[in-house]
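A.B. asks: Since the structure of chain P is provided, determine the placement of chain C on it from the hints.
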Amino acid sequence: MTQMEPISKNIPFVPFFHSLGKRAMDITNSLGAIAVFFALATLKIFRPKQLREIIQQIFYIGARSSNIVMLVGLFTGMVLGLQLYYTLVKFGSQGVLGSVVALTLIRELGPVLTAIMITARAGSAMTAEIGILRISEQIDALYTMRIDPVRYIISPRLAASIISFPLLTAFFDLIGILGGYLTGVVLLGVDKGAYFYRIREYVDLVDIRGGFIKSLVFAVLVSTICCFHGYFTHLRTDSYGSKSVSISTTSAVVFSCVTILVSDYVVTSFLM
Amino acid sequence: MLDTPLIEFREVTKRFSEKTILDKANLSICENQITTIIGKSGSGKSVLLKHIIGILSPDEGSILFRGRPVQEMKKGEWEDYRSKISYMFQNNALFDAMSVYENIALPLRQTTRLKKREVDRKVMSRIEQMELTDSVDKYPSELSGGMQKRVALARALVTDPAIVLFDEPTTGQDPIRKNIILSMIAHYRRQFGFTAVLISHDIPDVFFISDRILLLWEGKIGFHGTYAELTRVRHPMIDEFLQSIEGLRDELTGLLSKEMFRSRYALTLGGGQADTTISAVLFCVQFDALTAALGAQAALEVLKTLGEHINNYFGPMGGFSARHSRDEILTILPHIGLDEAGQLVREMALEIQQKALPELQAIAKSRSGTSQCFEILVTSGMATAGVSDDIEQIMEKAKADQKIIARYQCGKEGGSK
Chain P
-11 MTQMEPISKN IPFVPFFHSL GKRAMDITNS LGAIAVFFAL ATLKIFRPKQ LREIIQQIFY
49 IGARSSNIVM LVGLFTGMVL GLQLYYTLVK FGSQGVLGSV VALTLIRELG PVLTAIMITA
109 RAGSAMTAEI GILRISEQID ALYTMRIDPV RYIISPRLAA SIISFPLLTA FFDLIGILGG
169 YLTGVVLLGV DKGAYFYRIR EYVDLVDIRG GFIKSLVFAV LVSTICCFHG YFTHLRTDSY
229 GSKSVSISTT SAVVFSCVTI LVSDYVVTSF LM
Chain C
504 MLDTPLIEFR EVTKRFSEKT ILDKANLSIC ENQITTIIGK SGSGKSVLLK HIIGILSPDE
564 GSILFRGRPV QEMKKGEWED YRSKISYMFQ NNALFDAMSV YENIALPLRQ TTRLKKREVD
624 RKVMSRIEQM ELTDSVDKYP SELSGGMQKR VALARALVTD PAIVLFDEPT TGQDPIRKNI
684 ILSMIAHYRR QFGFTAVLIS HDIPDVFFIS DRILLLWEGK IGFHGTYAEL TRVRHPMIDE
744 FLQSIEGLRD ELTGLLSKEM FRSRYALTLG GGQADTTISA VLFCVQFDAL TAALGAQAAL
804 EVLKTLGEHI NNYFGPMGGF SARHSRDEIL TILPHIGLDE AGQLVREMAL EIQQKALPEL
864 QAIAKSRSGT SQCFEILVTS GMATAGVSDD IEQIMEKAKA DQKIIARYQC GKEGGSK
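Just so you know, the sequences run in chain order P and C.
For the record, in the first sequence the residue sitting at position 66 is 54 according to my numbering, with numbers rising by one throughout.
Here my numbering runs 503 ahead of the position in the second sequence, where the first position is 1.
Next up, chain P with everything else stripped away, as it sits in the complex (with noise of 0.2 angstroms):
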């Protein structure tokens, strides 16, 4: 780097182009670390000890997260049901309502909306209170108690998420179903029997399935995001003590929203 410098004064865009690497080069660097943290976190679920610990996470981040997931999921099928129905009355096609509400929310909004609300609620908290307990020296008082910190704070919060999400978006699905069926059937008098024979019979094992892998795949991706925060937020330069644990939250969320967008397409395209 240093040595650029002098050159970097004659030559057009080479500060560009350093900047620019240089990013590149800690993109690449975090990417991998978060690789090896998720791998690490992994490794360690299966250690002993665990079951306890995993048990009081899925209470956290799954139970407690029921509500405001059940809630989200109430309004999110009734607005489908309502949007859907005005769009498909122009075709004459009111009597499969049933069956695009139910494949939106099992194919997309359920997985992503549940993973957003998770992430709202128990990842932020998750990267917060790691924070704090990086910053109080609590993870070095782990380590010199000779518990490993990532087993003991990080494969818990890993294992519970990964449980945890399949089983909200299941709940978030079945809620939006049935807030589809208030405004549908209920409000604007389409079919009950016809709302659920659609819904058996255009809706498959594979959207199901598919749905099931997203919020897999959205919980490694939370929680090891957020965990990742909170766990090195020591390490930030930008900031130091309780401002380092607020701006990791920040990081973590929003990091952690777009990461389910773009994964989303991701996964989506190869499940096409």
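Watch out, some of these pointers could steer you wrong.
When the alpha-carbon atoms are kept at most 27 angstroms apart in a straight line, the in silico DSSO-like pairs for lysine-lysine are as follows [stated by the list, open to error]:
1. C:K723 x C:K553
2. C:K807 x C:K902
3. C:K906 x C:K858
4. C:K902 x C:K858
5. P:K37 x C:K578
6. C:K553 x C:K577
7. P:K10 x P:K231
8. C:K587 x C:K625
9. C:K553 x C:K587
10. C:K522 x P:K231
11. P:K32 x C:K577
12. C:K900 x C:K807
13. C:K577 x P:K37
14. P:K37 x C:K587
15. C:K618 x P:K37
16. C:K522 x P:K10
17. C:K625 x P:K37
18. C:K543 x C:K527
19. C:K619 x P:K37
20. C:K625 x C:K641
21. C:K619 x C:K641
22. C:K619 x C:K587
23. C:K578 x P:K32
24. P:K32 x C:K619
25. C:K553 x C:K527
26. P:K78 x P:K180
27. C:K527 x C:K587
28. C:K543 x C:K553
29. C:K618 x P:K32
30. P:K32 x C:K553
31. P:K37 x C:K641
32. C:K522 x C:K543
33. C:K618 x C:K587
34. C:K587 x P:K32
35. C:K553 x C:K522
36. C:K577 x C:K587
37. C:K906 x C:K807
38. C:K577 x C:K527
39. C:K522 x C:K723
40. P:K231 x C:K553
It should be emphasised that the hints constitute simulated quantities derived from the structure, not laboratory data.
C.D. replies: Leaving out everything else, chain C in the frame of chain P:
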């Protein structure tokens, strides 16, 4: 004592960015000893401790455990080494989402196969020793700084480690509590035979329990030796440091600090004639026996009360006193001959016997809560201080003349005068 180097630092250098914290530091820590590291704030004392436990690794140089470089240890060997060490953090590093009990039980639950009942027994035993029984279910945020310190101490000792690293264990404690913690460290060291490495600024109390003292100065070990050696060495760096951290008075007893005592004594000798009469009286209580019978807190109260009595009695007549070990108080009486000093000591002993001992035994009983029989012995020895005598020589002479001057034993009172 055989000084086996348990841990050695060889030419250890540690830098953070451009700043060199440890600069080719060489030191050795001996087994079954208490080694105290002193040094200015920010001089790298905590960094040094963190190297021992492996939180930090040196940029250059090597750390050896029983002669084996830790960097070369295989995983199993490294884990075995770490299992012997416990660390008490400067800011306690308690798990704020866990109760006191859970904090102390965590290392046992996570790193051992002990049954729940056994974990419970060990944890409750430490909780009782640290007087935390009322706070078992409280969270760290509900505790005072001093109580948090005791929880951290309990957690560090619950696994019965072979080496315990204490990073400022007494910071934020009142003088009595500081001494209790130091007494506890000394007591457990004797009981369990662990090696302790302490960072502390609580002079002189920490020196009294230390076998070795290391002075970290500008990244290097500026002094390495015993307390007696430290007090004998006159070096500007050591003097500057000791004067900067040692107050004018001993926090526990209110007597002069050792450095102030030394200055007053030098002044007394320097300001007087060659034939100046100076008497010295060395008072002593059986601190270890009292601690064993009543606990550290009650023993410290006894020491504190004795210090106050000595100060109040001899202060107005120009005498000055300081603690020279945990339980020895040396009083210098300028312009008073040995006979007159003997008379004064007898009068004071009578006062101690009549006023202080009933007070002391009440304190001891209330603090220890024990109904067991116990004994409080106050002894004294006298000597004439010559112009050429240094304090250590006076102490030796006075020690040779020790007599019981006041005694309390299960309701029996008396003293040989």
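A.B. asks: Does each hint fit the structure? Answer for all of them.
C.D. replies: Structure-based check of each hint:
1. C:K723 x C:K553: Since the Cα atoms of C:K723 and C:K553 sit roughly 16 angstroms apart, the hinted pair holds (cutoff 27 angstroms).
2. C:K807 x C:K902: Given pair C:K807, C:K902 holds - Cα atoms ~21 angstroms apart, limit 27 angstroms.
3. C:K906 x C:K858: 20 angstroms, holds
4. C:K902 x C:K858: Answer holds: C:K902 to C:K858 is near 25 angstroms, not above 27 angstroms.
5. P:K37 x C:K578: 21 angstroms, holds
6. C:K553 x C:K577: Distance of about 20 angstroms is within 27 angstroms: holds.
7. P:K10 x P:K231: Within the cut-off at roughly 25 angstroms; holds.
8. C:K587 x C:K625: 17 angstroms, holds
9. C:K553 x C:K587: Distance of about 15 angstroms is within 27 angstroms: holds.
10. C:K522 x P:K231: The hint holds at about 24 angstroms.
11. P:K32 x C:K577: 20 angstroms, holds
12. C:K900 x C:K807: Since the Cα atoms of C:K900 and C:K807 sit roughly 24 angstroms apart, the hinted pair holds (cutoff 27 angstroms).
13. C:K577 x P:K37: Holds - the C-alpha atoms of P:K37 and C:K577 are around 24 angstroms apart, at most 27 angstroms.
14. P:K37 x C:K587: Holds: P:K37 and C:K587 sit about 22 angstroms apart, inside 27 angstroms.
15. C:K618 x P:K37: Given that 27 angstroms is the threshold and the Cα spacing comes to 13 angstroms, the pair holds.
16. C:K522 x P:K10: This hinted pair holds, its Cα atoms lying about 25 angstroms apart.
17. C:K625 x P:K37: 20 angstroms, holds
18. C:K543 x C:K527: 18 angstroms, holds
19. C:K619 x P:K37: With a Cα-Cα distance of about 14 angstroms, the restraint between C:K619 and P:K37 holds, given a limit of 27 angstroms.
20. C:K625 x C:K641: 18 angstroms, holds
21. C:K619 x C:K641: 20 angstroms, holds
22. C:K619 x C:K587: 22 angstroms, holds
23. C:K578 x P:K32: Given pair C:K578, P:K32 holds - Cα atoms ~16 angstroms apart, limit 27 angstroms.
24. P:K32 x C:K619: Cα-Cα ~24 angstroms, so holds.
25. C:K553 x C:K527: 16 angstroms, holds
26. P:K78 x P:K180: This hinted pair holds, its Cα atoms lying about 20 angstroms apart.
27. C:K527 x C:K587: OK: C:K527 and C:K587 at ~26 angstroms, within 27 angstroms.
28. C:K543 x C:K553: 17 angstroms, holds
29. C:K618 x P:K32: Within the cut-off at roughly 23 angstroms; holds.
30. P:K32 x C:K553: Given pair P:K32, C:K553 holds - Cα atoms ~25 angstroms apart, limit 27 angstroms.
31. P:K37 x C:K641: OK: P:K37 and C:K641 at ~25 angstroms, within 27 angstroms.
32. C:K522 x C:K543: It holds: about 16 angstroms lies between the C-alpha atoms, which stays within 27 angstroms.
33. C:K618 x C:K587: Holds. C:K618 to C:K587 sits at ~21 angstroms (cutoff 27 angstroms).
34. C:K587 x P:K32: 24 angstroms, holds
35. C:K553 x C:K522: Distance of about 17 angstroms is within 27 angstroms: holds.
36. C:K577 x C:K587: Roughly 16 angstroms between the alpha carbons, so the hint for C:K577 and C:K587 holds.
37. C:K906 x C:K807: 21 angstroms, holds
38. C:K577 x C:K527: 25 angstroms, holds
39. C:K522 x C:K723: Holds: C:K522 and C:K723 sit about 14 angstroms apart, inside 27 angstroms.
40. P:K231 x C:K553: At roughly 25 angstroms apart (the allowed maximum being 27 angstroms), C:K553 and P:K231 satisfy the hint.
The structure fails none of the hints (numbered hints given earlier).
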